[in-house]
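**Q** Taking the hints into account, I'd like the entire structure generated from these sequences.
Number of protein chains: 2
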Amino acid sequence: MDLTEMGKRAAAAKYELQNLTTEEKNKALEHAADALTEHTREILAANARDLERGRESGMHQGMLDRLLLDQGRIVSMAQGLRQVAALPDPVGECLESFDRPNGLHIEKCRVPLGVIGIIYESRPNVTADAFALCFKAGNAVILKGGSDALASNMAIAHVLRQALEDCGITKDAVSLITDANRAVTGAFMRMKEYVDVLIPRGGAGLIRAVVENSTIPVIETGTGNCHIYVDRDADLDMAVPIIVNAKTQRIGVCNACESLVIHEAVREALLPRLQKALGEKHVEIRGDERVCDAICGAVPATPKDYGREYLDYIISMKTVDSLEEAIDHINRYSTHHSESIITDNSAAAEQFLNRVDAACVYVNASTRFTDGYEFGFGAEIGISTQKLHARGPMGLKELTSYKYRITGSGQVRPD
Amino acid sequence: MDLTEMGKRAAAAKYELQNLTTEEKNKALEHAADALTEHTREILAANARDLERGRESGMHQGMLDRLLLDQGRIVSMAQGLRQVAALPDPVGECLESFDRPNGLHIEKCRVPLGVIGIIYESRPNVTADAFALCFKAGNAVILKGGSDALASNMAIAHVLRQALEDCGITKDAVSLITDANRAVTGAFMRMKEYVDVLIPRGGAGLIRAVVENSTIPVIETGTGNCHIYVDRDADLDMAVPIIVNAKTQRIGVCNACESLVIHEAVREALLPRLQKALGEKHVEIRGDERVCDAICGAVPATPKDYGREYLDYIISMKTVDSLEEAIDHINRYSTHHSESIITDNSAAAEQFLNRVDAACVYVNASTRFTDGYEFGFGAEIGISTQKLHARGPMGLKELTSYKYRITGSGQVRPD
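Read top to bottom, the protein sequences are chains Z and P.
Quick note on numbering: the first sequence equals residues 355 to 769 in this note's numbering.
Quick note on numbering: the second sequence equals residues 355 to 769 in this note's numbering.
Take every hint as true, because none was put in to throw you off.
Same chains, same names: a pair is fine if it fits in one copy or spans any two.
Calculated cross-link-like contacts (lysine-lysine; reagent style DSSO-like; alpha-carbon spacing at most 30 Å):
no., residue 1, residue 2
1, LYS362, LYS381
2, LYS462, LYS751
3, LYS546, LYS658
4, LYS658, LYS362
5, LYS381, LYS751
6, LYS751, LYS546
7, LYS525, LYS751
8, LYS462, LYS362
9, LYS658, LYS635
10, LYS462, LYS381
No lab work stands behind these hints, which were simulated from the structure alone.
Every value quoted in this text rests on a predicted model; they were computed, and no experiment measured them.
**A** Quick look at the structure:
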């Protein structure tokens, strides 16, 4: 389908979707979940074509793994849809209501955003996940997945659209851009007339390209150069397992710890223990001079290291002489995602919470908890690292806007 | 000052500003108010230079009026600062707090946005107003005013910066871009590293230019192609004064009514009364065939008319045969600002409130109430017509973001 036609249809669909009842939406999500498992064979056949193309073009194993679907992954996708159906419907919630002296009654009510555009990379499960969240929040969604996963995404989107139609709902609630031409993606980012919000999901390069080129309001997600600061008053027995967890529990995620900031007063006691614990996990340490003094085998860090999101078994380390210096260092290099302090000093904790500029600031916990499920939102469309609209994990509520409903009895504005 | 240097200083200032107490901020605002009136002479002298340049370059009277400052207007500016000082401080408010099963305690707290960029046109009072609102919400602000008002803006900004310094607060809380070169404005819109949000205040052309060129998240404000729909069940005695008020009480504002949608069943009864009432105010009527049949002297409307924000003594009129058709027409041509239905039918009112896609939807009232003061917010930085972050009148709360503060006792994410 032509991109403009797709935009028009999505923009028309939003008026239908905003008025669906919770029951209608949940029924459609359940039906779509059934349809996905019923069409396992077709989806796997399409996925096999993507994998074959990937192998032929020399795609490396990690990428192939991300692209791969199997019966288990399709069952998980279907379960994802059912989980979203089980979540409370955010639409229609009255956020505030007040009366004005002139008798006007004003209500501020949650409404869908309208049409959401999502640009994502290789994992085909995002096709189903993103649809489910956008749909439950009353939005139409236009998806642009990675070209590597095109056949898989087309198969999934086809099943979802058919399932909606079976339920008497417009299939334009979900559309997939199938033209892999870069110019088409560029045009999509400028479809301001039809698309209300654009959410890129992927690496720093994708996000930068969207921010640079979009005229549609963007929610930036994902890049996390997350720090843990070990304060002079830290309990080191607590610090070591938190650091190991935040760095190594899952390597390639945005809430993993990429950099450690260490108060000089605990440097000599902490570093040998970290060298051992991180060494067991084969983590390379890149540190400043004082770190390298305490850890033999540590690689000298360049200033570039402090700005890097490694997503790998590498961690940078920086020594500081004060809480102040730690906060300044973090605010300088942070991507404003998640930052943690390890301390038993409540005044230091309070300073850190107040002054570090990030979506999520932690005391005595792993940064890995910045996650929609871990926050109890039940689901997540991404982690916002900007300050406009939503910050941190974004669930269903973050996929809504609001409107003011004002009821009068003939009020006019006096001269 | 060099633009990059200005950005860096504002970005450094935000860390100081976010931690000011309410008392410190209010004291500074009061002091700045005093300083403005104390420096009336210097500000008026600068303004006289702007006016002279304006006259020399053939600026028309309306623009000169907007540019003009006098003692009264400076007193109003100072009062504006005092009013903002009297408003509640939004920063620090706890929006939500909850505990997770693993013992993590999560608080969602209001924080400043950081650095706000504001690009505006000729009125020099915006320099003081915008500073006051951004500052009270804990933000640094970088202002880019119209080049017509450069001397006035410089004089006002100088007084504000000095007043801050007198109070021991960084004067980088407010900066003014004085280079009128377009390339500088272009570079400002791409200073993503230092500026968190950009708010254009002005006409449709300015807003379009900012949306097209900015890499900083933008809040769109202002353009209002606002409709009033007179339903078949409307009380015409109520409809006529509402329409006259919404169209003519103030012509050049974004919440003025630009277009009327009339149900066929009331057309013949309503139009002669409107012809008389709007005729007294010298409003030109541009209507479809049925409107022109009922009003002699009405000008035939072109499709373009329905999309226009006249900001003038002109109104377009469209006849419809159903509520459905009215809603479709409005959703097609609306700028999503303010839309009103006149009806005694509560089902029709409910349909309209639910299905019309606008920041403010009204029943039986003038669209002119879409305003921060009328809503009781005490002040306003603009009216957002986008769905991301804020919609409708934006007061102090809309100049904030939030962060999650998470307190643990050693929690790590299980494998």
